[in-house]
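**Student:** Kindly generate the complete structure, drawing on both the sequences and the hints.
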Amino acid sequence: MALCSDAIVTFLPILFFPQTIRPDRDSFVGQVAGQVGWVQNWIAEPPWSTQQQVPATTAVVSAVGSAVRNRRAHRLPSLRVFDITFNYRVDSPPGKDPDSQSPLLKADHQLLWTKELCDGELFKVQVPAEPKERRKNYLMFEQTPDKRFTFGSDAITNSYTSWGKPRNLVEAKAELSEEQKRRYFNPPYTIGSAMIWPVRKIHRPTLNTARGMRLRIADRMDLTLECIRRHYAEEPGSPLADVTTNYADFFKLFCAFKQFVEFFHLQDLVTPEGKIDFFLEDDENFKRPGVPTTKDEYIRVREASLKFITLRGNRMADWVEKNHPDIKVRRQ
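When the count follows my numbering, it moves up by one through the sequence shown with no breaks and lands on 332 for the last residue.
A few of these clues could be false.
Ranges of calculated distance between the beta carbons of each label pair, as one might list FRET restraints [what the hints assert, rightly or not]:
#	residue 1	residue 2	range
1	Val170	Lys115	20 to 30 Å
2	Lys165	Lys124	40 to 50 Å
3	Asp119	Pro289	23 to 33 Å
4	Pro205	Pro289	17 to 27 Å
5	Thr85	Asp296	23 to 33 Å
6	Arg80	Glu171	39 to 49 Å
7	Asp119	Lys201	22 to 32 Å
8	Pro103	Asp296	38 to 48 Å
Calculated lysine-lysine pairs in the DSS-like style (CA-CA distance at most 25 Å, straight line) [said to hold, decoys possible]:
#	residue 1	residue 2
9	Lys287	Lys106
10	Lys106	Lys124
11	Lys252	Lys147
12	Lys252	Lys124
13	Lys96	Lys165
14	Lys115	Lys322
15	Lys307	Lys173
16	Lys275	Lys287
Just so you know, these hints were derived from the structure itself, not from any lab.
Here a beta-carbon is modelled for each residue, glycine too, at the ideal position from N, C-alpha and C.
**Tutor:** Here it is in structure tokens:
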């Protein structure tokens with residue numbers, strides 16, 4: 001029975017907590033070890049009757065089967081983990097977009113953004129209740145029965161790994177060393193780079209689409225945030241002015257630029273004076289394309305992006321620890 005118990009200790013964390021298991025060996029061992037105490041207690045007081053004499057092998061099989069059934073019925077305790085290093089490509093089907101296919105990313109969005117707005121209203125983002133809506137929409141916020149917002153998820157940083165133009169960008173990437181390419185290309189998709197944006201059929205392009213396709217922004221969050229700042233300040237010159245105007249009701253939910261920044265943990269892109277801390281010089285007035293055009297610019301943009309992802313992830317972790325003490329936070 002001792003051998004069977006050891007096997008269960010190893011097996012059950014994977015069975016009960018698949019969303020927390022990462023593929024690399026060290027983190028895998030560490031996460032399994034983190035669940036051993038719970039599993040050992042479960043074995044010490046198994047779900048079958050202690051008065052009933054059951055052969056050891058039968059008891060183990062019965063216990064595992066019973067545990068699985070109870071887990072499905074949500075009757076066993078579950079350890080919720082918020083991991084700022086988790087790569088959402090891991091729990092997405094191979095080749096599929098984590099923004100639509102990662103269950104854990106959706107759950108983390110709900111965790112992070114369900115909180116009070118500036119006027120005290122609860123911004124409760126949730127999966128649509130109706131099956132047809134659920135298939136078409138990612139998350140929704142129903143402000144009133146007649147007023148609701150639909151959101152999509154997207155990464156707010158870009159490595160430009162697959163960009164085949166402009167030519168200057170392609171040439172800049174080609175000059176990188178192999179070590180630099182390993183650092184900058186195809187990075188893991190973690191929560192520090194994740195954001196939700198409003199989506200409406202009648203307002204195309206969406207903010208997410210426009211910021212990725214318009215060369216003056218080039219999918220950079222520092223430049224996107226400058227456009228949002230100008231929207232709140234009613235300043236001209238934003239390459240996204242038409243889009244922020246179409247989604248003005250979304251931005252109104254946060255009352256002011258400062259509250260928008262704090263709500264989405266974007267403080268590390270803003271200076272103490274309330275200005276944007278741009279990744280590159282000469283970006284403030286959108287006089288140049290947002291894409292880096294030299295090797296040096298590419299490295300500076302990527303380093304600034306990676307630093308921002310780490311800082312933002314830790315801000316999120318701080319918020320979860322403060323507001324959800326029952327959730328385990330993992331930072332590395």
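**Student:** For the pair we were handed, Lys252 and Lys124, check the Cα-Cα distance against 25 Å.
**Tutor:** holds, 16 Å
**Student:** Confirm or reject the claim that Asp119 and Lys201 have a C-beta distance inside 22 to 32 Å.
**Tutor:** Given about 27 Å between the Cβ atoms, the range holds.
**Student:** Do Asp119 and Pro289 keep their Cβ atoms within the hinted range of 23 to 33 Å?
**Tutor:** violated, 38 Å
**Student:** Tell me if the beta carbons of Thr85 and Asp296 are separated by a distance inside 23 to 33 Å.
**Tutor:** Since the Cβ atoms of Thr85 and Asp296 sit about 29 Å apart, the hinted range of 23 to 33 Å holds.
**Student:** Within a Cα-Cα threshold of 25 Å, do Lys287 and Lys106 meet the stated pairing?
**Tutor:** Violated, at roughly 36 Å.
**Student:** Against the range 39 to 49 Å, how does the distance between the Cβ atoms of Arg80 and Glu171 compare: consistent or not?
**Tutor:** Given about 46 Å between the Cβ atoms, the range holds.
**Student:** If you draw a straight line from the CA of Lys275 to the CA of Lys287, is it 25 Å or shorter?
**Tutor:** holds, 17 Å
**Student:** Given the proposed pairing of Lys106 with Lys124, does the C-alpha separation stay at or below 25 Å?
**Tutor:** holds, 13 Å
**Student:** For the pair supplied as a hint, Lys96 and Lys165, is the alpha-carbon distance within the 25 Å limit?
**Tutor:** Answer holds: Lys96 to Lys165 is near 24 Å, not above 25 Å.
**Student:** Would the pair Lys115 and Lys322 pass a check requiring their Cα atoms to be no farther apart than 25 Å?
**Tutor:** holds, 13 Å
**Student:** Within 20 to 30 Å or not, the Cβ separation of Val170 and Lys115?
**Tutor:** Given range 20 to 30 Å: violated, Cβ gap about 42 Å.
**Student:** Regarding the pair Lys252 and Lys147, is the alpha-carbon distance no greater than 25 Å?
**Tutor:** holds, 14 Å
Hint violations for this structure: numbers 1, 3, 9, all remaining hints satisfied.
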